[in-house]
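Participant: Now for the letters of each chain:
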Amino acid sequence: MEAKGIEAKGMEANAAEVSAADADQPSVQRDSWRRLAAMTPARIALGRAGAGLPTSEVLRFSLAHAQARDAVHAPFDASEVEAGLAGLGFPTLAVTSAASGRDIYLRRPDLGRRLSDESRAALADWRALAGRGAPENAPDLAPDLAIVVADGLSSTAIHVQVVPFLQAFRARIAEHGWRVAPVVVASQARVALGDEVGALLGARAVVVLVGERPGLSSPDSLGLYLTFDPKVGRTDAERNCISNVRGEGLSHAHAAFKLSWLLKEALARRLTGVNLKDESDDLLVAGRVPPVRIG
Amino acid sequence: MAYRHMIGTRSHVFADLRELMAKATPPRSGDMLAGIAATSAEENVAARMCLAEVPLSTFLSEALVPYEGDEVTRLIIDTHDAAAFRPLSHMTVGDFRDFLLSERASSAVLAALAPGITPEMAAAVCKLMRNQDLIMVARKCRVVTRFRNTIGLPGTMAVRLQPNHPTDDAAGITAAILDGLLYGCGDAVIGINPASDSLPVLSDLLKLIDGIIQRFDIPTQGCVLTHVTTSIEVINRGVPVDLVFQSVAGTEAANASFGIDLAVLKEGREAALSLKRGTLGDNVMYFETGQGSALSAGAHHGVDQQTLEARAYAVCRPFQPLLVNTVVGFIGPEYLYDGKQIIRAGLEDHFCGKLMGVPLGCDVCYTNHAEADQDDMDTLMTLLGAAGVTYIMGIPGSDDVMLNYQSTSFHDQLYLREVLGLKRAPEFARWLAEMGITDLDGKLRPQGANHPLLAAAPGMAA
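Going down the list, the protein sequences come from chains X and P. Each residue of the first sequence is one higher than the last, beginning at 1 in this note's numbering. Each residue of the second sequence is one higher than the last, beginning at 1 in this note's numbering.
One or more hints might be untrue.
What the hints assert, rightly or not - Sample of chain P residues with no beta-carbon within 10 angstroms of chain X, all distances over it, derived:
hint : residue
1    : Ser11
2    : Glu53
3    : Glu68
4    : Pro87
5    : Asp95
6    : Ala114
7    : Gly116
8    : Val144
9    : Asp169
10   : Val201
11   : Glu267
12   : Gly278
13   : Gly332
14   : Thr382
15   : Ala429
16   : Asp441
To be verified - What the simulated footprint calls covered on chain P by chain X, stretch by stretch (three residues with Cβ under 8 angstroms from a Cβ of chain X suffice, anywhere in the stretch; the number is not a length):
hint : segment
17   : 154-166
18   : 186-198
19   : 212-224
20   : 369-378
21   : 408-416
Rather than coming from a laboratory, the hints here were simulated on the basis of the structure. From a predicted model like this one, the values you see are computed outputs, not experimental measurements. Backbone N, C-alpha and C fix where the C-beta goes; we use that ideal spot for every residue, glycine too.
Start from the sequences, fold in the hints, and give me the full structure.
Facilitator: Following this line, the structure appears as structure tokens:
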């Protein structure tokens, strides 16, 4: 006990020295360029405690990580998405991938790239029926575009971004007069699922609207993947990608313009991928997308 | 040829070298996904015991990916340096491990052996090594490269300043670059992953980085990480390009899925060299790799992902890159499931790259759908710092707001420098001291709002 008492006394003396030094020197060194933080969502000018982050930043980061983890596992509400698309006038078809649950989806990307047997049969049935449709709808003409909405790694992104994006893109479809197949809403799905869907629907091109892997600052970011002449076995080098579609990222109107530029070029040049460079920004007027021309 | 190993009365049989290598690999989700992993813990160790007996020379005669159908295999075999290999030619894989750990394997000896070591040999010995072995041997390997500074000197670690922005906004990217420089980062490269692949946007980003480097006379290099064919295109348009970037993988088919082959990499390198922008050296290529990319592209030929990753370094090697990094935890849990697997893979990749003479850095990272967190990254970066990693990433607050993953931060490199005494590239360290950003020991100094760098901040008069 006595020894402990002596030790405690010694520590008190040290503590007194530290607190005297602290009076004019805080533990956290703040950064003098904090005003720059308004220019980017990146975590800049955080200040430091020695080489480490200040406590408040460590905790802020932990919370963001916890929320992103939760976003990966939030359930996908396909019927809500279908209702939203119906409100825009898009007919829909719901499908599921061969991955039967979230855990399998995360471990088996191959299953998320292929349709379940039931969904494959359902799409084949649709096409057979469409082929027997009314003659005035010119059923022998293949759709220019199939649209696939895929939950991917963030169902939150689909719930938030898909309706406003397709609202903007609907105007571009009308502008170019493209024939579009019913929108396929796919659960537990990855980008390459669009290849099988596009092929089954006989579409000239497919665009997959997919929930991107959630980031700490962006759990709701949408990615768009365009593939000409979709068929099972297409590689990523054969696609064009538009990423970060969300309110704070690439706007819905800008993304719709880019996609329409790429689709127009893809249909004319009969390709997508590394040989189709996105030059749509050359057409921006003072940084703004050109308005939709109708008629 | 089949391989056999007896454990007691049980005989473990491996159909060929490819199967033996896969089953000898420490467990990971990607090999399970491919259906090639060992099916029991005992089989895993039996495969390692069997592999330890295999002569290194076997890897020169028994190709894991067929020679006729794969230009990466042809590159490995056709450019193998038999003279450099001679001192190893009598060794088995097990002997090779013992030799690498011995005092005989000095830095100079390892550098001389590197051209004789094929990726399959590096991968094989790697499978017999514990994490501490991977650290110990990598630490002895020296790979020094130069463009506008000197990267890879003993006792140094460089940092790639990664100022990404979700919409490639010039002001936002500039703000992140200034923040990183004021934290002493950027000697490996100032490298942006663009959100866009539009040529006008990419050209503007390249000019932005070049403008900052020129204005402050920073001894470093810039890069916009876009497809090699796009870099060639912007070079043809007269845009300033320091380093040409490309993601590469370990098989011809996986590279085809990236839209590249060896010929286009050569073309990219020649385009960058033609600009003559390096002041100290002409290492003009920047490559990224990562376990699982070949399987992801359906181009793995039944070979385990760690071996294929080492083959990706064989793709990099002839192009004399300034920087190569494995993006170890980026690909997701289907290839590396959790923190333990990511840590092991990061050490393996660094070891194999260095043993082969490639300047390996590591993007110590994870995604939000993997079972990993900041504690795992602290562990891996500390181990890699001890192993002499060439460079790591510097990302504001660890949060990449464009690519949506977590990597190492500006703060993390400060931590590693303090704990392990690691210095920056010497030319860059001198510049930081001259700018008053650090003292002569490399420690950060407090900065006022009137620091000259901040005059480049958006909204300030030039």
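Participant: Does Gly278/P clear chain X by more than 10 angstroms, comparing its Cβ with all Cβ atoms of that chain?
Facilitator: holds (27 angstroms)
Participant: Is it the case that Val144/P keeps its Cβ farther than 10 angstroms from each residue Cβ in chain X?
Facilitator: holds (27 angstroms)
Participant: Verify this label for me: Gly332/P is non-interface relative to chain X, using a Cβ-Cβ cutoff of 10 angstroms.
Facilitator: Given that some Cβ of chain X is not farther than 10 angstroms from that of Gly332/P, nearest at about 8 angstroms, it is violated.
Participant: Closer than 8 angstroms, Cβ to Cβ, for at least three residues: run that test on the segment 186-198 of chain P against chain X and report holds or violated.
Facilitator: Satisfied; 4 residues make the cut.
Participant: In terms of beta carbon proximity below 8 angstroms, does the segment 154-166 of chain P have 3 or more residues touching chain X?
Facilitator: holds (count 4)
Participant: Hey, does Pro87/P actually stay past 10 angstroms from chain X on C-beta?
Facilitator: holds (41 angstroms)
Participant: Holds or violated: is the Cβ of Ala429/P farther than 10 angstroms from all Cβ atoms of chain X?
Facilitator: Check passes; 17 angstroms lies beyond 10 angstroms.
Participant: Run the C-beta distances from Ala114/P to all of chain X and say if the shortest one exceeds 10 angstroms.
Facilitator: Non-interface label on Ala114/P holds, nearest chain X Cβ at 31 angstroms vs cutoff 10 angstroms.
Participant: Minimum C-beta separation from Asp169/P to chain X exceeding 10 angstroms: can you confirm that?
Facilitator: The claim is violated: Asp169/P sits with its nearest Cβ about 7 angstroms from chain X, within 10 angstroms.
Participant: With 10 angstroms as the threshold, tell me whether Ser11/P passes as away from chain X on beta-carbon distances.
Facilitator: holds (31 angstroms)
Participant: Tell me whether the statement that chain X covers the segment 212-224 of chain P is true, taking a Cβ distance below 8 angstroms and needing three residues at minimum.
Facilitator: violated (count 0)
Participant: Check, residue by residue, whether the segment 408-416 of chain P contains three or more positions whose beta-carbon lies closer than 8 angstroms to a beta-carbon of chain X, and give the verdict.
Facilitator: holds (count 4)
Against the hints set out earlier in the document, violations occur for numbers 9, 10, 13, 19.
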